[in-house]
Structures are given as structure tokens and as C-alpha cells.
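S.K.: Next come the chains, spelled out residue by residue.
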Amino acid sequence: MHETMIAQSLFEAITAEANRHRARPVSARVSCGQLNSVNEDVLVFAFAAVSRGSVCEGLTLEVVQKPLEAHCTDCDRDFRVDLDQPRCSYCGGRHFTLLPDPPLVLEEIEFETE
Amino acid sequence: MDKQTVGKRILSANEQFAQANAELLAAHHLVCLNMISSPGSGKTTLLARTITDMRDRLRIGVIEGDLRTDLDAQRIRATQAPAVQIETKGSCHLSAEQVHGALGQLPLADLNMVIIENVGNLVCPASFALGESAKIVVLSVAEGDDKPAKYPSIFARSAALLINKIDLLAAEGLADFDTDRVRADASRLNRSIEIFPLSARTGQGMENWYDWLAARVRS
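Residue numbers (my numbering), protein chains in the order written: chain A, 1 to 114; chain B, 115 to 333.
Any given hint might turn out to be false.
With a cut-off of at most 30 Å between alpha-carbon atoms, the simulated DSBU-like pairs for lysine-lysine come out as follows [said to hold, decoys possible]: (1) A:LYS66 to B:LYS264; (2) B:LYS117 to A:LYS66; (3) B:LYS203 to B:LYS122; (4) B:LYS264 to B:LYS203; (5) A:LYS66 to B:LYS122.
Hints listed in this document are in silico derivations from the structure and should not be mistaken for laboratory results.
Please read all numbers here as calculations on a predicted model, not as lab measurements.
For reference, chain A alone in the conformation it holds in the complex:
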């Protein structure tokens, strides 16, 4: 449900960029870490609702989930964690610390050209 607030913040960020570039945004790519619990379908739906009647109406939103990474304290390497199979992908060790989850980032916007 927090996707509604994220959609609102995203809408404001994209609108600001659109005003700066004086162009209509047609698509945007957002990235986030897995632990941010952002559901792409819900975010797309919420964004469509907040952007209705604005310069962002009809914009295609893509959400890229960044992999969760951890540092293995057995072999001292960073690896991608699968929470269903939480073991180091290099040494199989179970002693690791999760690395900070990547924040929500508006990566790229594609604008219509005249």
C-alpha cells in the first residue's frame, strides 16, 4: 500500500524533469532493492492513478528489482542471496551479513522528441 506514496513521489520527480526538459515523458525506469517490498503491478497502477490528466499520463513504468547481496564471513566475498536458499554462492557457508538494500532510484526517463 506504500506504493501510493512512492507513486506520488515518483510522479513529482518525473514531472520536475519533464518541465526542465520541456518534453513529454513516455517511459521511465525505476530500480529498487528487494527488501523495499515494492510490487511493480501496484506501483504501475498507483502511478497511472496519480498521473491522470497530467503530462505523465500514459507513461510506461518499468521497475527493476536489484538483487539482494550479502558478505560471507567464511570466505570474505560478496554474493547474491537467495532468501529461499540462504548460503554463500562461493563456499556454501551460512555465515553472512546482508548488505544494505539498494534504495528506490529513478534511473532513466525517455522523452518524446519533436
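Fit chain B to the given chain A structure using the hints.
M.R.: Quick look at chain B alone, frame taken from chain A:
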């Protein structure tokens, strides 16, 4: 088409308020805990008992978050502790901006700890920093032992896990709550998480939690 790289943090507005809150708290040498759980885990009861039992050791101020009513703030004020209620009017988590306003209403100079009781929700509050020193998660045994596996975000990000209502483990039908499973699942997500099984109702296990709280103020 014209592609533009942006690279802007989407929640930067919230993060700026969180930073301002952290600075305000640091200026007053205050430890701030962001307490998160499902509705009904016993956060307010736990908090009220903690404030009362720790009266001689800690001066705690409280920020309460709920969709509606100031019932929780009233319960905290009954312990003589200062409490500010935020009514989110439907929003599923507290924002750093709301907390910023509430901090301004607490007598910060008289306190050494602020505890924020977030909106009852095991999902959304985990994603919004408020400027806290640490998050703590409360899980009551009635919710089941599969919660760290099913809702990993908050367990991965919390400094402490309070397993509340352990007095119910003796009750018929609840004996299948496996504390060891919770311990194993939570520790796998977060190696440094401290786990305190306790009962805010009977007082069982509360001393370990109190010592942990007191140590945070000293350090």
C-alpha cells in the same frame, strides 16, 4: 526518443526529513527507536510497562502512529510519560515529516530516549526511515512462527526482535509456536539481531530487554 539518465532517489524528500530528525535527536543526545509490528502484537502494553518499570533509569518520550484516534497516546500519558499522537488518516506508515512535527511537540531537553510506535503493519513501515537510531520489531506468538520467513524486510533491518506474549505458549493450541524457528529465520536474515522472548503482561523476560535499552543510552 530522447533518453535521459536521472539517478534521483525517489524517497529523497522523506530521507531529508529523516536526516533532519537524526540531527535534532543527536543535538539532544537522544536515542530513538522505531518500533514496528503487526496490529495487536502488544506494542503499546509493552511500551507502557517499559516506561513504568524503567522510570528510574530512563526518561522516555513517545510518538504514537495510528490511522485514527489518540487512544494509544492516552495509554502512554497514563504512565506520566509525554506522548504525541500522529493520526495518519489512512496512511499505512509514518513518514519522517510527520515525525518531525511530533518531535517539535515533545520536551526533548527532558528526555534521553524517544520511542516511535509506528502504525501496526509489518510491511510498509520498514521502507521509510524516520531518523531513528535503530528499528525494533515486535512479534507476538499468536501471529505464528513463520513471520520472519514471510516478511523478511523488517527482520533484516531491526536491531532487536521482541517475541511478545510468551505467557500464551502455555495455553492450549499455541504450543506449536517454535521460538527456535523464529530465532533461526531472523538470525539468517540479520546476524546481529538481538532476540528477547518476553511477556509484557506477566513481566517474564522483560529484564533482558531493559538491560539492552539501558545499554543503548549509555553507549
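S.K.: Looking at the structure, which of the earlier hints fail to hold?
M.R.: As far as the earlier hints go, not one is violated by this structure.
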